[in-house]
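Q: Chain by chain, the residues:
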Amino acid sequence: MANSVLYKNPILFAVVVTVVVLIGTVVTLFYPMMTAEMHPKLEGLKPYTPLELAGKDVYQQEGCIGCHTQTVRPLKAEVLRYGEYSKAGEFAYDQPFLWGSKRTGPDLARIGGKYPDAWHQMHFEDPQSFFAESNMPKYGWLKNNKLNPSDVEAHMKALGFPYKPDEITALNGKSELDALVAYMQVIGTAVKKPAAQTE
Amino acid sequence: MSDYQYDNQTVKGFILSSIFWGVVGIVVGLLLSIQMWSPSHNFPPFFTFGRLRVVHTNGLAFGLGIGAIFGISYYILMRLTKRPLLFPKLARFHLHLFNVAIALAAVSLFAGMNQSLEYAELEWPLDIGVVILWVIFAVNVFGTIIKRKEEQMYISLWYIIATVVAVAVLYIVNNLSIPAGLFKSYHLFAGVNSANVEWWYGHNAVGFIFTTPILAMFYYFLPKSTGMPIYSHRLSIIAFWSLTFGYLWTGAHHLVYTPLPDWIQTLAIVFTIFLIAPSWGSVVNGFYTVGADWSKMRTNYLTKFFIWGIAFYGLQTVQGPTQALRVVSQLIHYTDWVPGHVHMGTMGWVTMTVAACIYYIIPKIYNTEIYSEKVANIHFWLVLIGQLMFSITMWITGIQQGAMWKAVNPDGTLKYTFMEVLSKNYPYWQLRTVAGLIFTVGMLFFIYNIHMTIRKGKALVAAKA
Chain A
30 MANSVLYKNP ILFAVVVTVV VLIGTVVTLF YPMMTAEMHP KLEGLKPYTP LELAGKDVYQ
90 QEGCIGCHTQ TVRPLKAEVL RYGEYSKAGE FAYDQPFLWG SKRTGPDLAR IGGKYPDAWH
150 QMHFEDPQSF FAESNMPKYG WLKNNKLNPS DVEAHMKALG FPYKPDEITA LNGKSELDAL
210 VAYMQVIGTA VKKPAAQTE
Chain B
77 MSDYQYDNQT VKGFILSSIF WGVVGIVVGL LLSIQMWSPS HNFPPFFTFG RLRVVHTNGL
137 AFGLGIGAIF GISYYILMRL TKRPLLFPKL ARFHLHLFNV AIALAAVSLF AGMNQSLEYA
197 ELEWPLDIGV VILWVIFAVN VFGTIIKRKE EQMYISLWYI IATVVAVAVL YIVNNLSIPA
257 GLFKSYHLFA GVNSANVEWW YGHNAVGFIF TTPILAMFYY FLPKSTGMPI YSHRLSIIAF
317 WSLTFGYLWT GAHHLVYTPL PDWIQTLAIV FTIFLIAPSW GSVVNGFYTV GADWSKMRTN
377 YLTKFFIWGI AFYGLQTVQG PTQALRVVSQ LIHYTDWVPG HVHMGTMGWV TMTVAACIYY
437 IIPKIYNTEI YSEKVANIHF WLVLIGQLMF SITMWITGIQ QGAMWKAVNP DGTLKYTFME
497 VLSKNYPYWQ LRTVAGLIFT VGMLFFIYNI HMTIRKGKAL VAAKA
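Protein chains in written order, with our numbering: chain A, 30 to 228; chain B, 77 to 541.
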């Protein structure tokens with residue numbers, strides 16, 4: 030077995046290894062990619078507005094997925110804590126998906142509309158004034174970073190999201206913190222949710 | 077000894093670079109561990125947890141991990157083909173380009189350029205740089221093997237070839253993106269599809285960066301340093317093919333209970349369980365190799381690095397599949413259990429094995445002995461204790477978190493708020509910092525030992541001249 034030509038010809042070996050690693054890849058990755066079940070979209074789901082997209086960019090820039098997930102599992106306690114479990118069709122405009130893998134902080138899949146804008150502004154500035162034992166970093170400094178409307182417009186174009194010119198001009202003077210709050214408020218709102226019972 | 081020159085300078089350059097990036101990654105890791113229990117240690121904008129975490133993971137996976145893989149693979153390659161690298165100047169250029177790329181990568185991550193794809197955070201211009209680095213590596217690997225002076229390809233070469241091929245496929249597919257400016261892009265894939273692509277990549281990056289190249293090192297350096305041949309060649313063949321076949325199906329075990337189609341999750345779980353077999357194929361091979369003479373554990377200081385390293389690989393590859401099961405996943409997923417798991421693999425298996433290889437290579441390059449076996453033993457015990465304390469602490473707090481999150485009162489309401497659960501983590505997170513410190517001190521002993529060995533070697537060379 031070990032004396033076969035396979036172990037003497039590196040090119041043949043590489044070709045065989047490539048085929049071997051591609052089998053699982055084709056079945057679990059390329060095949061589903063070509064089916065409709067991997068591209069679902071809820072009826073109520075809308076593309077991000079320029080301000081929301083800018084906020085989503087900030088979410089990525091600050092590495093928020095390091096501590097927050099955006100997917101509620103269909104488990105009893107999870108639905109009680111966060112709200113309706115996540116649906117595949119909610120994420121059609123998320124490139125990439127931002128489900129995360131660690132909950133140092135709570136899941137955010139149903140954060141949209143849960144608190145008023147002012148709550149988020151104040152919480153980002155000083156999380157410990159809301160929850161004394163919170164370990165979240167302060168993000169008030171994002172107020173000092175003004176959005177660049179032409180960058181945001183380029184991002185909207187890259188994703189092919191529709192927008193009106195006045196939505197771009199409205200970004201003038203807005204900060205990264207404003208954008209982040211706008212993004213918080215739209216997360217998970219395509220699904221009607223029953224109120225969660227506790228935090 | 078032989079009539080050709082090995083390019084030791086490039087090998088040494090990669091090894092020292094990887095140690096340097098390793099120190100950066102570990103120091104950042106320590107700061108992160110402090111930020112977990114002391115948020116006032118966040119220093120915006122560059123030194124906040126969210127930005128630092130990716131510097132930590134990328135610095136260690138790509139700086140320490142890939143750097144060591146490039147250098148040690150070149151070393152193995154030259155010995156197993158009985159010839160110098162086919163393109164030694166290209167290899168030297170590879171080393172410089174590697175360091176430039178890692179430095180730029182670190183700067184870009186500090187600056188917040190982050191694709192938010194775990195282990196693929198780098199933005200598209202750097203992705204292109206990584207691909208160039210990989211192509212250069214592939215050219216030298218294949219060129220040198222094709223022109224080899226040894227008929228058979230030893231096991232380590234199989235694992236190196238598999239690494240070259242698989243990482244290329246994984247990295248390119250997952251990094252396909254739509255550029256939206258020089259430093260910004262969006263994933264080509266959306267929603268559940270994006271998730272499936274990312275974790276197919278993410279899990280197999282573990283497979284083909286933290287597993288196959290490290291196994292290549294293990295299969296080469298264990299027999300070299302103990303003088304005992306690998307127990308079973310047949311077992312290594314079976315383990316190799318079943319590992320490379322099975323790995324690529326398993327990514328979705330990171331997405332259990334998410335909206336990803338159930339059949340992909342289930343298939344991933346099944347193949348994850350299957351992977352125990354080939355993983356333990358290598359574990360058994362390692363143990364039975366040394367089993368011919370266990371006194372080597374006492375008499376040869378490198379043996380215990382390799383045996384404990386492969387033992388952690390064995391534990392890792394049982395714990396991992398267990399975590400994939402739905403009944404376990406629902407409890408520990410998203411908790412601190414998972415970093416506990418990851419760090420057993422990286423601090424136990426990968427770092428121990430790589431350190432042992434470096435202990436073997438550096439004296440060989442200078443034709444001398446290690447500076448101090450005693451210092452190496454202190455290094456060994458400190459990293460072992462630090463890593464065990466880290467992982468065990470995180471497993472305990474992870475189970476506690478998971479259990480408290482799902483606890484309900486008799487009337488069906490939740491028992492604890494999120495903050496109540498979080499505040500229970502603090503003592504464990506503080507202990508983890510202590511564990512990290514112990515590990516870091518161990519690594520400092522390692523660096524000191526390598527430094528002194530090089531000094532000794534240089535003095536020998538100077539004396540001869």
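None of these hints come from the bench; they were simulated from the model.
Each residue gets a CB set at the ideal place from its N, CA and C atoms; glycine is no exception.
Check the hints yourself; a few may be wrong.
In silico contact screen, one side only, chain A against chain B (beta carbon under 10 Å); selected entries [to be verified]: (1) Lys-37; (2) Ala-43; (3) Thr-54; (4) Thr-57; (5) Leu-58; (6) Ala-121; (7) Gly-141; (8) Tyr-144; (9) Asp-146; (10) Trp-148; (11) His-149; (12) Gln-150; (13) Ser-158; (14) Tyr-192; (15) Glu-196.
Non-contacting residues of chain A with respect to chain B, defined by C-beta distances greater than 10 Å in every case (computed) [claimed, not checked]: (16) Thr-47; (17) Gly-53; (18) Gly-92; (19) Gly-142; (20) Lys-193; (21) Thr-198.
Computed footprint of chain A on chain B, listed as stretches where at least three residues anywhere in the stretch have a Cβ under 8 Å from a Cβ of chain A [what the hints assert, rightly or not]: (22) 184–196; (23) 318–332; (24) 336–350; (25) 490–498.
Q: Now look at each hint and say whether the structure bears it out.
A: Hints versus structure:
Using the Cβ-Cβ criterion of 10 Å, the hint placing Lys-37(A) at the interface with chain B is satisfied: the shortest such distance is roughly 6 Å. Interface hint at Ala-43(A): satisfied, since its Cβ lies 5 Å from the closest Cβ of chain B, which is below the 10 Å cut-off. At a threshold of 10 Å, the smallest CB-CB gap from Thr-54(A) to chain B is about 5 Å, leaving the interface hint in force. About 5 Å separates the beta-carbon of Thr-57(A) from the nearest beta-carbon of chain B, less than 10 Å, and the hint is met.
Proximity of Leu-58(A) to chain B holds as hinted, the smallest CB-CB distance being about 5 Å (cut-off 10 Å). Because the closest C-beta pair between Ala-121(A) and chain B is about 5 Å apart, less than 10 Å, the hint holds. Of the supplied interface hints, the one on Gly-141(A) is violated, with its beta-carbon coming no nearer than about 17 Å to a beta-carbon of chain B, more than 10 Å. Nearest Cβ of chain B to the Cβ of Tyr-144(A): about 14 Å, over the 10 Å cut. The hint is violated.
Checking Asp-146(A) against chain B: minimum C-beta separation of about 21 Å lies over 10 Å; hint violated. Evaluation of the Trp-148(A) hint against chain B yields a violated restraint, the C-beta minimum of about 16 Å exceeding 10 Å. For His-149(A), the interface hint is violated, the least distance from its beta-carbon to any beta-carbon of chain B being 16 Å, above 10 Å. Checking Gln-150(A) against chain B by beta carbon gives a least distance of about 16 Å; that is not within 10 Å, so the hint is violated.
Against a cut-off of 10 Å between C-beta atoms, the interface hint on Ser-158(A) is violated, since the closest Cβ of chain B lies about 12 Å away. Given hint, Tyr-192(A) at the interface with chain B, is violated; its Cβ is 14 Å from that chain's nearest Cβ, farther than 10 Å. Evaluation of the Glu-196(A) hint against chain B yields a violated restraint, the C-beta minimum of about 17 Å exceeding 10 Å. The Cβ of Thr-47(A) does not lie farther than 10 Å from every Cβ of chain B; its closest approach is about 5 Å, which violates its non-interface assignment.
Residue-level check failed: Gly-53(A) sits 3 Å from the nearest beta carbon of chain B, not beyond 10 Å. Not every CB of chain B lies more than 10 Å from the CB of Gly-92(A), the least distance being 3 Å, so the non-interface label is violated. Interface exclusion of Gly-142(A) from chain B stands, the closest Cβ pair being 18 Å apart, more than 10 Å. Non-interface status of Lys-193(A) relative to chain B is upheld: no Cβ of that chain comes within 10 Å, the nearest being about 19 Å off.
No Cβ of chain B approaches the Cβ of Thr-198(A) within 10 Å, the least distance being about 20 Å, so the stated non-interface status holds. Taking a C-beta to C-beta cut-off of 8 Å, the segment 184–196 of chain B contributes 7 residues in contact with chain A, enough for the three needed, and the coverage statement holds. Residues of the segment 318–332 of chain B with a Cβ under 8 Å from some Cβ of chain A number 11, which satisfies the need for three, so the listed coverage holds. Proximity of the segment 336–350 of chain B to chain A, defined as three or more residues with a beta carbon under 8 Å from a beta carbon of that chain, is established by the 6 residues found.
Counting residues of the segment 490–498 of chain B whose C-beta lies closer than 8 Å to any C-beta of chain A gives 5; at least three are required, and the coverage claim holds.
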